[in-house]
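Number of protein chains: 2
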Amino acid sequence: MDHTKSHRSPKFGNSGSIPIDKKYQEDPEGSIDVLADLEATLDEVAKANPRIENEDSQSPRNNTDLKSILEASLAINSSLVLDDVLQIVMTRAVEFMQAERGLIMLLDENEELQIRSAYNLCKEEMMEENFRISSSITSEVASTGKSVYTSDALSDERFAQQRSVVELHLRSIMCVPLKVKGKVIGVIYLDNSSETRMFLKSDLFLFELYGQMVSNALHNAELYQSLLNMHQYNEKVIETSPFGTIVIDSEGYITTINSGALEIFDFNKDNLNRLNEEERRSCFVDQLIESEQAQWQHMINSAITSQEEFSDSRYFHNTGYLEKVLSIKIVPISNLPNGGDGVIIAVEDITEKVLMEKYVILSEKLVAKGEM
Amino acid sequence: MDHTKSHRSPKFGNSGSIPIDKKYQEDPEGSIDVLADLEATLDEVAKANPRIENEDSQSPRNNTDLKSILEASLAINSSLVLDDVLQIVMTRAVEFMQAERGLIMLLDENEELQIRSAYNLCKEEMMEENFRISSSITSEVASTGKSVYTSDALSDERFAQQRSVVELHLRSIMCVPLKVKGKVIGVIYLDNSSETRMFLKSDLFLFELYGQMVSNALHNAELYQSLLNMHQYNEKVIETSPFGTIVIDSEGYITTINSGALEIFDFNKDNLNRLNEEERRSCFVDQLIESEQAQWQHMINSAITSQEEFSDSRYFHNTGYLEKVLSIKIVPISNLPNGGDGVIIAVEDITEKVLMEKYVILSEKLVAKGEM
Chain A
8 MDHTKSHRSP KFGNSGSIPI DKKYQEDPEG SIDVLADLEA TLDEVAKANP RIENEDSQSP
68 RNNTDLKSIL EASLAINSSL VLDDVLQIVM TRAVEFMQAE RGLIMLLDEN EELQIRSAYN
128 LCKEEMMEEN FRISSSITSE VASTGKSVYT SDALSDERFA QQRSVVELHL RSIMCVPLKV
188 KGKVIGVIYL DNSSETRMFL KSDLFLFELY GQMVSNALHN AELYQSLLNM HQYNEKVIET
248 SPFGTIVIDS EGYITTINSG ALEIFDFNKD NLNRLNEEER RSCFVDQLIE SEQAQWQHMI
308 NSAITSQEEF SDSRYFHNTG YLEKVLSIKI VPISNLPNGG DGVIIAVEDI TEKVLMEKYV
368 ILSEKLVAKG EM
Chain B
8 MDHTKSHRSP KFGNSGSIPI DKKYQEDPEG SIDVLADLEA TLDEVAKANP RIENEDSQSP
68 RNNTDLKSIL EASLAINSSL VLDDVLQIVM TRAVEFMQAE RGLIMLLDEN EELQIRSAYN
128 LCKEEMMEEN FRISSSITSE VASTGKSVYT SDALSDERFA QQRSVVELHL RSIMCVPLKV
188 KGKVIGVIYL DNSSETRMFL KSDLFLFELY GQMVSNALHN AELYQSLLNM HQYNEKVIET
248 SPFGTIVIDS EGYITTINSG ALEIFDFNKD NLNRLNEEER RSCFVDQLIE SEQAQWQHMI
308 NSAITSQEEF SDSRYFHNTG YLEKVLSIKI VPISNLPNGG DGVIIAVEDI TEKVLMEKYV
368 ILSEKLVAKG EM
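Residue numbers (the numbering used here), protein chains in the order written: chain A, 8 to 379; chain B, 8 to 379.
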């Protein structure tokens, strides 16, 4: 992190904007389906409903707003993946407000604005002197928590003197804060240079509402992302553990198995996965050589019935072509995701260690004989 | 699960409806703040904006719809906790549509409708003969995926003959499907017996849109819940592991420590937590007795620099008042949540095992002497 810059110096995080159609195809949550559903519903209901059609002709703008804001609501809540939400929010904002350029900036852990999504603005443009006015507006909105709107930046005395307004012929700027529980988390910025697309003051009404929906959606995506990070971290801790780890549920099915355990038991991950596809789940004991199944079942049952740790510090695992000495610990675990109880089996391959110990004992014996 | 019932026999899951004010107080995501923000924005912008006020007077209903549906959107997306979302959705639906009673039913894993939230309907009422018509409507909507709307159930030939319509004087019923990616996941049902509160056909337009927003929000809440379950499961696997497990990051701070490790090192969880509050994080090596710190740091560094497992199968841990023999394995782990790398330390207290081995060796020695 670069700690030297302030709010006034936005940095570039995530460049450009992916065209919305492409993005939707990639979206695992299927926002395209949701929107298609909505379109169908709107058409269907409007046709069947004379009152809505009448309202439409009396006040076309208002009904369009309702439809647009609903579509926006569905779109921005259609994913919990933060980067997807940012892209959808950016593209929808530009479409919704008929803007030429747009930016979404979020405050980072050092309370500095970072650009997280941009539309029709490249990194170079944002570094230019011309962009200084826009940067000062985003900073103002982030620090005050109040929207900035100017229907004609040229005639607005606050901005008219600044170079970029004159040079870029900026006519219209809207920037609204994104707030979660009253605290600013970032801003959305839109601008238009064309006079024909000048923002109306009523656009700010919709854009502020849009900003509130966006804040909500981004907050949800952040909650999801942070839980996902913690989940992936725990998965990694289990996977990387120096012990073979297997968790089985009360019916004997494997709910977790790490690489260490796959190696010790010479299980083939692909076989287990193939079994998963067919039978949905693989039974641990069934994967073992038949001659060992009864003993493993007995050890597992011991831990389950006693609800205490079962351990065997020297288990001879012999599959016919493979001989290993294992140290086994089996502990009960309650409330698995399916609601039932189960056990964790932790195994260590101690074949080499046992071999070493034999040599130690042999040498002790020889020393003892020599002492006579 | 009861597999004997069909769609036509709804079962009761979650009774009654918590008053919305109480619910909001309990909501950890602070939806009350979001709604208060929205109200403030709406009032502020409407006052400052003559065009919106004009539109208001021309078409009061439509602008009220816009405001209501936006409030609903914010409310139902204000939490990712499934039960909270269900309660908010129920209460908002009843308020929004001015209904007397309401139900949210979701399909369970056996494709049976289960009542997940109810408003002004108790378990007994739903068991009564009178409720049979409502049950058949919810089943119809769930199986066809099409809304059912009847502005006057008494004059609707489909329902007029059925007893409950006559006896309950049901006038108005609306039931819309909840769909995710085109697949029905449940239904929302509302009814009114009073003629003055009869649903208009245009209400169905809004209610269907509401249904789509709800589907989205419930889907997000379900994704979050299922990730949370998996996360809690992994936490439990790590906590329950028969080995002491500590994860430390590249700066030496503890990111995970389970009960096994706390016991082996005689660490006090409260002390670690207290440290966490003050310094945010606890450094593992600093928690150890000073005389052992250098050796632990050396072992940890070995694993980090070699990026391979470091192990000591017989480490003598002596804190002055405590003597233990530990088996230690240290493995590198990459990409911790803070972005850096670290190590997993797995420890086992083998004090008793070592004592047993000493006896074995002693007896082997005696046997050897006897053999002479």
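Fair warning: there could be bad hints in the mix.
[To be verified] Beta-carbon label-pair distances, calculated as ranges:
(1) Ser309(A) x Gln232(B): 51 to 61 angstroms
(2) Val88(A) x Asn275(B): 32 to 42 angstroms
(3) Ser257(B) x Pro344(A): 27 to 37 angstroms
(4) Ser266(B) x Ser266(A): 21 to 31 angstroms
(5) Asp90(B) x Glu132(A): 42 to 52 angstroms
[Unchecked claim] Here chain B is said to cover these stretches of chain A; the calculated rule only asks that three of the stretch's residues, wherever they fall, bring their Cβ under 8 angstroms from a Cβ of chain B:
(6) 75–83
(7) 90–102
(8) 121–130
(9) 263–274
(10) 350–363
In short, the hints are calculated from the structure, not lab data.
All residues carry an ideal CB built from backbone N, CA and C; glycine is no exception.
Structure-based check of each hint:
1. Ser309(A) x Gln232(B): 51 to 61 angstroms: 34 angstroms, violated
2. Val88(A) x Asn275(B): 32 to 42 angstroms: 40 angstroms, holds
3. Ser257(B) x Pro344(A): 27 to 37 angstroms: The hint (27 to 37 angstroms, Cβ to Cβ) holds, given that Ser257(B) and Pro344(A) are roughly 32 angstroms apart.
4. Ser266(B) x Ser266(A): 21 to 31 angstroms: Once the Cβ atoms are compared, 25 angstroms apart, the range 21 to 31 angstroms for Ser266(A) and Ser266(B) holds.
5. Asp90(B) x Glu132(A): 42 to 52 angstroms: 47 angstroms, holds
6. 75–83: Satisfied; 4 residues make the cut.
7. 90–102: Answer violated; 0 residues pass the 8 angstroms Cβ test.
8. 121–130: It is violated, with 0 qualifying residues against the three required.
9. 263–274: It is violated: at least three residues are needed, and the stretch 263–274 of chain A offers just 1 whose Cβ sits closer than 8 angstroms to chain B.
10. 350–363: With 3 residues in contact (Cβ-Cβ under 8 angstroms with chain B), the coverage given for the stretch 350–363 of chain A holds.
Checked against the numbered hints listed earlier, the structure breaks hints 1, 7, 8 and 9; every other hint is satisfied.
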